[in-house]
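Chemist: Below, each chain spelled out in residue letters.
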Amino acid sequence: MILRLPFLSLHFSQRAASVGSGLFLALLIAFVASVQLGAFPLSLQQTWSTFSGNSEGVQRMIVIEHRLPRILTAIGAGAAFGMAGSMFQTMLRNPLASPDVIGFNAGASCGALLAMALTGDFVLPGAMTGGIITAIAVSALAWNNGLHPYRLILIGIGASLTLMACADVLMTKLDALTAAEMAKWLVGTLNTRDWDDVFLVWTGLALLTPLVIWLQFPLSRICMADDIATGLGLTLSPMRMLITATAVALVALAVSVAGPLPFVAFVSGPIARRLVRGGSPAVLHSAVVGAIVTLLADIAARSVPIAQLPAGVFTAIIGAPVLMWLLLVQFRKGTL
Amino acid sequence: MTAHTASVPSEHPGTDARGRWLGASVLGLIVLSMFALRFGVRPTGWGQIWSAFTAFQPLNPEHIVIREIRLPRLIGAILAGSSLGMAGALMQGMTRNPLADPGLLGVNAGASMGVVVCILIFGMTDPADFVWIALGGGLVAALLVYLLGGGNQANPARLILAGAAVSALFLALSRSLLLVSQQTLDVYRFWVLGGFDGIEFSTILTLLPFIAFGLALAIPGSLVLNALMLGEDMARGLGVRVGLAQGLIGLAIVILCGATVSMAGPIAFVGLIVPHLARRIGGSDMRWMLFFSAGIGALLMVAADLLGRLPLFGGNMQAGVMAALIGGPVLIWLVRRNGVSKL
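Same order as they appear, the protein sequences are chains A and L.
Per this note's numbering, the first sequence starts with residue 1, numbered consecutively.
Per this note's numbering, the second sequence starts with residue 1, numbered consecutively.
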């Protein structure tokens with residue numbers, strides 16, 4: 001299906017549209033379930049009455065003050081992780097790539113631990129500084145008369161592994177109580193989010209999403225061989241720089257509200273691409289998949305009765321089986 | 001960095017250069033081994049190392065330290081480093097992916113999961129029992145990855161995704177089990193730290209047949225990999241039975257990696273970094289790659305184990321962490337210096 005306007009024409013795949021609306025529906029269901037479930041369960045009717053504004057104090061407080069910020073933060077962070085992961089995977093033409101490749105998460109962990117060890121506070125500023133400095137350093141080190149994917153990957157691996165090891169060393173310098181607290185933060189948690197977090201992540205998303213939507217067009221060409229992409233009119237290195245910067249901004253946004261949730265950025269892209277098919281980067285679908293995975297992980301984290309487990313533990317438990325199922329089903333159909 | 005380094009494709013080092021590098025790494029390994037026997041908590045002299053092997057006195061504490069503690073530790077580090085290096089080279093060659101590490105076949109995650117479950121359900125606490133459990137868990141996970149990856153028609157892309165999914169699932173499951181049970185965590189965290197601390201000769205002797213078998217599979221595997229790296233269709237055209245070759249190489253990786261995990265815990269970094277270092281030195285011919293990966297892996301592991309004994313790192317930092325601290329900057333430096341050569 002092709003949409004023609006006076007100034008541009010767009011190609012719409014029917015499958016992409018139907019998969020997109022299906023994913024959106026799933027996200028909506030997860031959202032409603034997430035509002036209802038918890039230590040104070042609500043019925044569907046009660047949920048509705050809370051949103052339409054006629055309900056008593058406690059119920060209203062629980063939903064508006066506690067659950068909604070947490071849920072909206074989860075959706076925003078998941079979407080940001082999903083888009084960033086999918087962009088990196090397409091740009092580097094490597095299904096194993098995720099923002100970890102550029103060292104952001106390792107730098108953030110290291111920065112957070114360093115801030116904690118030196119000052120006893122400032123975890124978040126430390127993480128942001130560490131992550132962004134690492135990302136810039138890796139890109140700068142990889143820049144050699146242009147940005148080459150393979151060199152970026154290698155330098156990213158080197159920096160990432162070294163920083164992870166530094167984080168391990170720093171971890172041993174902390175006392176046991178702080179170390180346990182930091183370990184929880186490093187896994188990524190959504191406990192006690194408030195409306196400030198929601199505004200932060202959604203403002204960031206509102207600013208970056210238009211750019212991401214536009215980047216979809218170059219992304220669908222940049223995954224071809226260098227010669228072909230250049231022949232199609234892409235200036236490769238500046239475009240790679242722009243994509244990297246956008247993806248890093250998305251990850252920074254997500255980490256600042258949810259911590260370095262593992263696996264979301266990695267798993268969203270392959271799931272979305274396998275659902276949509278047709279070889280398009282499917283960045284926006286990845287965003288919805290990321291949001292669903294993060295939200296479900298948060299629901300799981302809240303429903304496990306034993307002491308507040310961080311949501312980061314569950315992202316892989318939820319995301320991995322879906323990917324495995326897709327691999328299995330599509331293998332049988334021979335469509336992979 | 002000047003402009004021309006990027007445009008010149010990586011030169012393939014001649015046999016001369018390779019021979020020199022090989023000699024240098026063997027020499028380095030011997031020197032490092034001497035250091036590893038000499039330095040530690042208890043100070044010993046060069047003469048005592050010599051006499052510990054030529055005129056062993058069973059009651060001399062220095063001799064006991066050298067022969068019963070430092071020697072097994074050194075041998076363990078050499079075996080683990082070279083096994084992981086070779087497994088990494090085979091893995092990256094087979095999947096043609098620079099981000100692939102040998103743990104990607106699920107061995108490390110499966111071994112961890114096996115150990116956690118056995119502590120939790122059977123209340124095991126003795127690290128000596130974990131050798132077989134880790135090996136078994138690793139094999140089960142690898143089998144799962146293989147089946148999910150498409151069985152004997154596996155293609156690298158699907159195998160990678162299957163491996164990453166299975167590993168992540170197993171690691172997350174064992175992590176959540178650990179968060180639930182404090183007692184399990186207490187036993188597990190010592191196993192996962194691993195390193196070469198309490199290694200005894202009996203453990204090494206148990207695992208030696210596995211490593212030898214892995215090596216026996218790896219060498220023919222490396223011969224086929226040269227063809228396989230041209231792409232599967234090309235390899236098929238050259239007369240390689242792709243499915244069989246991939247199966248054999250996969251088995252070699254699983255055995256080498258499984259033996260290391262059960263000896264020294266899950267060490268992820270070495271298998272990922274070492275092949276890149278080897279490729280930079282020896283070019284991309286898989287036969288040389290395998291040698292260099294084994295040599296550099298052993299070198300890195302012994303150096304890491306030695307550096308971990310420095311007081312700066314608390315006197316006993318795990319070798320895997322130290323390997324990453326050393327290997328990462330070296331990798332970055334080599335990539336900056338030599339430019340890019342593809343897999």
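Worth flagging that the hints you see were computed from the coordinates, not collected in a lab.
Possibly wrong hints are sitting among the right ones.
To be verified - Label-pair distances were calculated between CB atoms; the ranges are:
(1) A:223 <-> L:16: 37 to 43 Å
(2) L:198 <-> A:33: 47 to 53 Å
(3) A:183 <-> L:213: 56 to 62 Å
(4) L:287 <-> A:191: 32 to 38 Å
(5) L:201 <-> A:119: 44 to 50 Å
(6) A:232 <-> L:233: 24 to 30 Å
(7) A:238 <-> L:155: 29 to 35 Å
(8) A:325 <-> L:182: 31 to 37 Å
(9) A:304 <-> L:198: 31 to 37 Å
(10) L:216 <-> A:277: 39 to 45 Å
(11) L:247 <-> A:178: 47 to 53 Å
Don't be surprised by glycine CBs; every beta carbon is placed ideally from N, CA and C.
Chemist: If a hint holds in the structure, say so; if it does not, say that too.
Modeler: Hint check results:
1. Between residue 223 (chain A) and residue 16 (chain L) the Cβ separation comes to about 40 Å, which falls inside the hinted range of 37 to 43 Å.
2. For the pair residue 198 (chain L) and residue 33 (chain A), the supplied restraint of 47 to 53 Å holds, since their beta-carbon distance comes to about 49 Å.
3. Judged by the Cβ atoms, the range 56 to 62 Å given for residue 183 (chain A) and residue 213 (chain L) is violated: they are separated by roughly 38 Å.
4. Under the hint 32 to 38 Å, the C-beta atoms of residue 287 (chain L) and residue 191 (chain A), about 54 Å apart, miss the expected range.
5. Between residue 201 (chain L) and residue 119 (chain A) the beta carbons are some 48 Å apart, a value that agrees with the proposed interval 44 to 50 Å.
6. Taking 24 to 30 Å as the suggested C-beta distance range, the pair residue 232 (chain A) and residue 233 (chain L) conforms, at roughly 26 Å.
7. Restraint check, residue 238 (chain A) to residue 155 (chain L): a C-beta distance of roughly 34 Å satisfies the suggested window 29 to 35 Å.
8. At roughly 33 Å, the beta carbons of residue 325 (chain A) and residue 182 (chain L) sit within the given window of 31 to 37 Å.
9. For the pair residue 304 (chain A) and residue 198 (chain L), the supplied restraint of 31 to 37 Å holds, since their beta-carbon distance comes to about 35 Å.
10. The hint said 39 to 45 Å for the Cβ distance between residue 216 (chain L) and residue 277 (chain A), and at roughly 43 Å that hint holds.
11. Judged by the Cβ atoms, the range 47 to 53 Å given for residue 247 (chain L) and residue 178 (chain A) holds: they are separated by roughly 48 Å.
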